[in-house]
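From first to last, the protein sequence lines are chains G and C.
So that you can map any letter, position 92 of the first sequence is 92 in the working numbering, and since no number is skipped, the others follow by simple counting.
So that you can map any letter, position 105 of the second sequence is 105 in the working numbering, and since no number is skipped, the others follow by simple counting.
Hints are computed from structural coordinates only; laboratory data are not their basis.
We treat Cβ as the ideally placed atom computed from N, Cα and C, and that holds for glycine.
Fair warning: there could be bad hints in the mix.
To be verified - Which residues of chain G face chain C? A partial, calculated answer using Cβ under 10 Å:
id : residue
1  : Met-1
2  : Phe-2
3  : Tyr-27
4  : Cys-54
5  : Ala-91
Said to hold, decoys possible - Pairs of lysine-lysine, DSSO-like flavour, derived with a Cα cap of 27 Å:
id : chain 1 : residue 1 : chain 2 : residue 2
6  : G       : Lys-95    : C       : Lys-89
7  : G       : Lys-37    : G       : Lys-7
8  : G       : Lys-95    : C       : Lys-91
9  : G       : Lys-95    : C       : Lys-152
10 : G       : Lys-25    : C       : Lys-78
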Amino acid sequence: MFDMLRKIWQVGTVTEKQPFEPAPKKYRGKIELTAQKNTNWEECIAACPTGALCMNVNKIRLFYGNCIQCGNCVKICNTDALTQTTDCYQAVNAKKDLFISVDKDEEK
Amino acid sequence: MNEEELGTDLKKRIKEVLSGSLHIRHVDTGSCNGCDFEMSTLSNPIYDISRFGVSFVPSPRQADMLMVTGGVTSNLEKALRITYEATPKPKMVLAIGACACGGGVFGETYANAGGIDPFVPVYVYVPGCPPRPQALIQGILLALDQYEEVLKRGE
Ligand code: SF4
Ligand code: SF4
């Protein structure tokens with residue numbers, strides 16, 4: 001019993017205080033998609049394991065609902081068009097808010 | 001929504017909308033259990049969501065909210081429908097994880113429907129594989145906003 005009490009004393013409170021701390025730096029969060037010229041879009045799309053990133057005629061489309069935030073597309077990408085943030089708050093009310101798209105050959 | 005709002009709001013909102021308690025039923029429709037573990041993380045000492053009046057209940061008949069994980073495999077489609085019908089009205093449905101939102105890593109195949117929205121009306125989509133517990137709390141908050149409107153309309 002004393003061991004248990006000692007443990008309680010040593011560990012203290014572990015419950016996260018409000019407000020919550022931001023995600024760790026290495027956390028793989030939301031992917032940001034921006035329009036940039038000369039990006040190797042085909043290779044990025046081929047690297048995506050879920051088909052979240054896809055091309056629609058001249059538009060690059062990213063569906064957050066399918067994206068597993070693996071970061072494969074960011075690794076392959078040769079420009080800054082795709083970047084990974086540590087943002088984890090992605091909940092939305094409507095499915096259409098989960099789609100974003102940019103023009104393939106446009107500068108932002 | 002920033003993090004500061006998130007923590008302080010949940011308790012207040014649950015009190016306003018549901019007069020103090022929110023009961024959640026978890027429905028697994030063929031997920032890999034990653035999302036389920038994040039969900040059980042909510043009730044451990046680190047996040048301790050019980051202090052806001054949220055509890056996980058063993059039966060859909062007691063629940064206000066269904067948290068659905070997984071992309072509805074053909075075997076569990078019936079289970080999802082039955083659970084949805086057993087929940088008293090008005091009911092909230094949350095799609096948790098990439099699987100429930102749009103198929104995720106499993107995609108749309110003969111055995112996997114790829115998302116829960118063909119079967120039940122969804123209040124909030126929480127993407128991520130799996131989403132962080134904080135993201136789940138944000139999802140619950142968004143659902144409460146919509147629930148309040150539904151209650152006002154008296155459906
Ligand atoms: S992070 Fe992974 S799943 Fe998401 S778009 Fe990039 S490659 Fe696809
Ligand atoms: S979204 Fe990812 S973690 Fe959640 S059930 Fe699907 S595969 Fe598993």
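Status of each hint after checking the structure:
A distance limit of 10 Å between C-beta atoms decides the matter here; for G/Met-1 the minimum to chain C is near 20 Å, and the interface restraint is violated. Taking 10 Å as the C-beta cut-off, the interface hint given for G/Phe-2 is violated, the closest approach to chain C being about 21 Å. At its closest, the beta carbon of G/Tyr-27 sits 8 Å from a beta carbon of chain C; the interface hint therefore holds under the 10 Å criterion. The closest approach between the C-beta of G/Cys-54 and any C-beta of chain C is roughly 12 Å, which is over the 10 Å cut-off, so the hint fails.
At its closest, the beta carbon of G/Ala-91 sits 4 Å from a beta carbon of chain C; the interface hint therefore holds under the 10 Å criterion. About 23 Å separates the Cα atoms of G/Lys-95 and C/Lys-89, which keeps this hinted pair within 27 Å; it holds. Between G/Lys-37 and G/Lys-7, the direct Cα distance comes to roughly 58 Å. Violation of the 27 Å bound is thereby established for this hinted pair. Distance restraint check for G/Lys-95 and C/Lys-91: the Cα-Cα separation of roughly 19 Å lies within the 27 Å cut-off, and the hinted pair is therefore satisfied.
At most 27 Å may separate the alpha-carbon atoms for a hinted pair to count; G/Lys-95 and C/Lys-152 meet this at roughly 23 Å. Straight-line distance between C-alpha atoms of G/Lys-25 and C/Lys-78 comes to about 42 Å, which puts the hinted pair past the 27 Å bound.
Of the numbered hints listed earlier, those contradicted by the structure are 1, 2, 4, 7 and 10.
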